[in-house]
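*Asks:* Quick note, the sequences are listed as chains B and E, same order. The first sequence begins at 1 in the working numbering and counts up one residue at a time. The second sequence begins at 534 in the working numbering and counts up one residue at a time.
A couple of the hints might just be wrong.
[Said to hold, decoys possible] From the derived model, a few chain E residues whose C-beta atoms are all more than 10 Å from chain B:
{"no.": "1", "residue": "Glu635"}
{"no.": "2", "residue": "Met689"}
{"no.": "3", "residue": "His702"}
[To be verified] Some chain E residues close to chain B (C-beta under 7 Å, calculated; not the full set):
{"no.": "4", "residue": "Thr548"}
{"no.": "5", "residue": "Thr551"}
{"no.": "6", "residue": "Ser555"}
{"no.": "7", "residue": "Phe567"}
{"no.": "8", "residue": "Tyr573"}
[Unchecked claim] So, partial list: chain B residues that the calculated Cβ filter (under 7 Å) puts toward chain E:
{"no.": "9", "residue": "Pro112"}
{"no.": "10", "residue": "Ala115"}
{"no.": "11", "residue": "Ile179"}
{"no.": "12", "residue": "Ile183"}
{"no.": "13", "residue": "Ile186"}
{"no.": "14", "residue": "Ala187"}
{"no.": "15", "residue": "Asn191"}
{"no.": "16", "residue": "Ala218"}
{"no.": "17", "residue": "Ala224"}
{"no.": "18", "residue": "Ala243"}
By construction, these hints were calculated from the structure, which means they are not laboratory data. Every residue, glycine too, gets a C-beta built ideally from N, C-alpha and C.
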Amino acid sequence: MSTVTDSAEGTDVKAHEDHHGPAKGLMRWVLTTNHKDIGSMYLWFSFAMFLTGGAMAMIIRAELFQPGLQIVEPAFFNQMTTMHGLIMVFGAVMPAFVGLANWMIPMMIGAPDMAMPRMNNWSFWILPFAAVMLISTLFMEGGGPNFGWTFYAPLSTDYGPPSTTFFIFAIHMLGISSIMGAINIIATILNLRAPGMTMMKMPLFVWTWLITAYLLIAVMPVLAGAVTMMLMDIHFGTSFFNAGGGGDPVLFQHIFWFFGHPEVYIMILPSFGIVSAIIPAFARKHLFGYTSMVYATASIAFLSFLVWAHHMFTVGMPLIGELFFMYATMLIAVPTGVKVFNWVTTMFRGSMTFEAPMLFSTAFVVLFTIGGFSGLMLSIAPADFQYHDTYFVVAHFHYVLVPGAIFAIFAATYYWLPKWTGHMYDETLAKVHFWMSFIGMNLTFFPMHFVGLAGMPRRIPDYALQFANFNEISSIGGFLFGTTQFLFLFIIIKCIRGGEKAPAKPWEGAEGLEWSVPSPAPYHTFTTPPDVK
Amino acid sequence: MSDQVDEPQTVERSTRRTVVRSILVACGMFAFGFALVPLYNVFCKVTGLNGKTDPDPYLYKATEAKVDSSRDIKVQFIATKNAGMIWDFSPSTPQVTVHPGEPGLLTFVAKNPTDKRMIGQAIPSVTPFEATNYLHKVECFCFTTQTLEAGEEKVMPLRIIVDQDLPKHIKKLTLSYTLFDVTHMY
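Bound conformation, chain B alone (with noise of 0.2 Å):
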C-alpha cells in the first residue's frame, strides 16, 4: 500500500491490484457493496425501465396514429399513459442519475467508495422489487393504475381500480430507495472528499447532486406522505381527501405538487452537471462563471418550493395566489438563463469538436432552453387556462425531459463509457444514434405545441380530425425514437466487448479526478486519497 501516487493531470497511475477483485457468478451482483458494480445495477436497471416506459408510448403513439380507436381500449390507454409517466420518472431517468452518481461521484472526489455501501446495495435493490410490483398491477383485477401519473384524488382514491394499494406501496418502496440512496450521496459528498477537495473546486456533477440529494430528502417523504393519505381515505376511512367526510380534494393536489414540482428538477439538475463538465471538455476551454453555476443550482432548488400551484392555476384560486405562484415560476428563468449563458460563453471562441456527448450536450442545451420556454409561457396564468391539460403541457414537459434528463444521460454515457468499459464506443454510429434520436425525439413532440395550442386535451385517446396530421408525424417520430435506442443497447454492448483501447484520459479537454485512474477504472480506486492542487 506503499506507492500509489496520483495527479490531477492525468499522468500513469499504478491500480491497487493487491485488493481483492469482483466475487464471481451472480452473487457478485445480489451482495456487492462496490460503487462501481452498483452504480452498473442503477444504469442497466434504468435502461429496462427506459424500454418498458418507451413500449408503452409506442402503444400510445400507435393508438393516436389515427383518430378513432383502433387499437387499445380507452381504459387500457389510460394505464399506458399512467404507467408511461410513472416508469419513465422513477424507474428510468431518477435511477439513471443514481448510478450516474454511484459510478462518478466518488472517482470525482477521490473517495474510495460511497460513505455507505451496504445501505447503497439496498436502496438499489429495493429498486427491481418495486418496478415488478408496480408493473404486475397491469395484469391484475380492474387493470393497472389509470388515473394519471399525477394521481388526483378522488380519481385515485374513490374511483381508482382495486389495485391502486400496490401502486401505493410501490411508490412508498420507490421513495424509501429514493431517500437512502440521497442521504449516502449527501453523506459521501460532505465527509469523503480528498484532501484539498474543497466545497468550491468540486465538479458541477457532484455540485449538483448534491443539492438535488437534499431535494430528494425534502419532497419524497412528503410524497411518501400523500399517498400514505391516500392508503388510509381507501381503507381507514379516513377523509383526507374526501369533501364529504370534511376533507379536500384540492389539498391532495397542494400536497402533491409541493413534492412534484422540486421532483421535476431533481430529473434536471444532475443533467446541468453532466452538461457542465462534457462542454468545457469538448471547448477545452474551462467552464464559464463556476461559481455562478452553483449558485444559480442553489438558487433553482430553493425556488422551486415556492412554485408548486402554477400546476394547478385553474383549480379555482384567488387573483393573489395566481400572482403569487406566476412571478415566482417567472423568477426561475433567471437562475436558468445564467447556467445557460454560461454554457453558450463556454463555447463561444473554444476549440470545439463534436464526438457524440457533445453532440447530446449542444443539443440539450438548444432543445432545453425551447422547453424552458415553452415553460414560461405556461406559468403565465391567464394564458394558462388556454394551455392547461392540453398537448401544449405535454410538449413542454417532453421537451425538457427528453432533451433534458435523457439527452443528458445519453451524453453522460458516451463521455464516460470509454471510462467504465476501457473502450472507445463507435463513434460513427454514436453519431447516427444521435441524429436518429434528435430527428425523431423533435418529430415527436414539437407538432405537440400546435395541437396543443389549438385545444387538443392530453390523456385522451382519441381526437378530432383536424388534428389527424400532426399526430401522424408525431407518432412516425415517436416510433423512430424508439427503435433508435435499440442501436444506443447495441452500441453499448459492443463498447463492453471490445473496441479500440481507452487511454486513462480519452477526451483532450476533459478535467477532473476520474481521468487520473486507468481505463477501464480499476474495481478500487482511490483507496489512498489523491492530493488535489
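With chain B held as given, fit chain E onto it using these hints.
*Replies:* Just chain E now, with coordinates in the frame of chain B:
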C-alpha cells in the same frame, strides 16, 4: 501516514452525524406532509380560500345585528349532487335578496327515492372566496349528516346572515351545496 491514524474514526463520526441529520430531515418532512393538512385548513379558514365556510352554527347576537338597509345583497343557491348520489335535492328558492345583518330564511328539500335508508352530507362552498367569512349560517342542514329512510322526503331549513362588514364591492354571493352519499361511512 502518521497523521492519518485517527482520521478514519473522525470521518466515520462525521459521516454518522450527516446520516443522522439527513434521516431527521426526511422524517421531519414526512411529518410536514401530514402537517400540511391542518395548515391548509387553517389557511383556508383565515383567507376564505376554496369557499370553505365555518362548519359550526354562527352565534346570532341581537346586539350586533344592526341591519344595513342601504345595501341589497343577492344570495344565490345552488344544489349539486356528487357523482353517484341519487337523492332529489333542491332549494325552495334560487335566490334571496337581503340587507346585511338581516336574516334570510329558506328551505332545501331532499328526497330519498330508493328503497334503502341512506345518509347524506351537504358540503357548502361560497363564491367569491373573499366573501366566505362574511356569509354566516345560523341554522343549516349541513352542520350534521342527514338520514333519510326509504322514500322519505325532508324539508330542511337554512338561516343565513350576511355580515355588515361585507366588502362594499360585493353585491352578489353564491352559496353552493354539494350533496355526498356518506352511507358507507356510518
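*Asks:* Identify every previously stated hint that the structure contradicts and give their numbers, smallest first.
*Replies:* Hint 9 alone not satisfied by this model.
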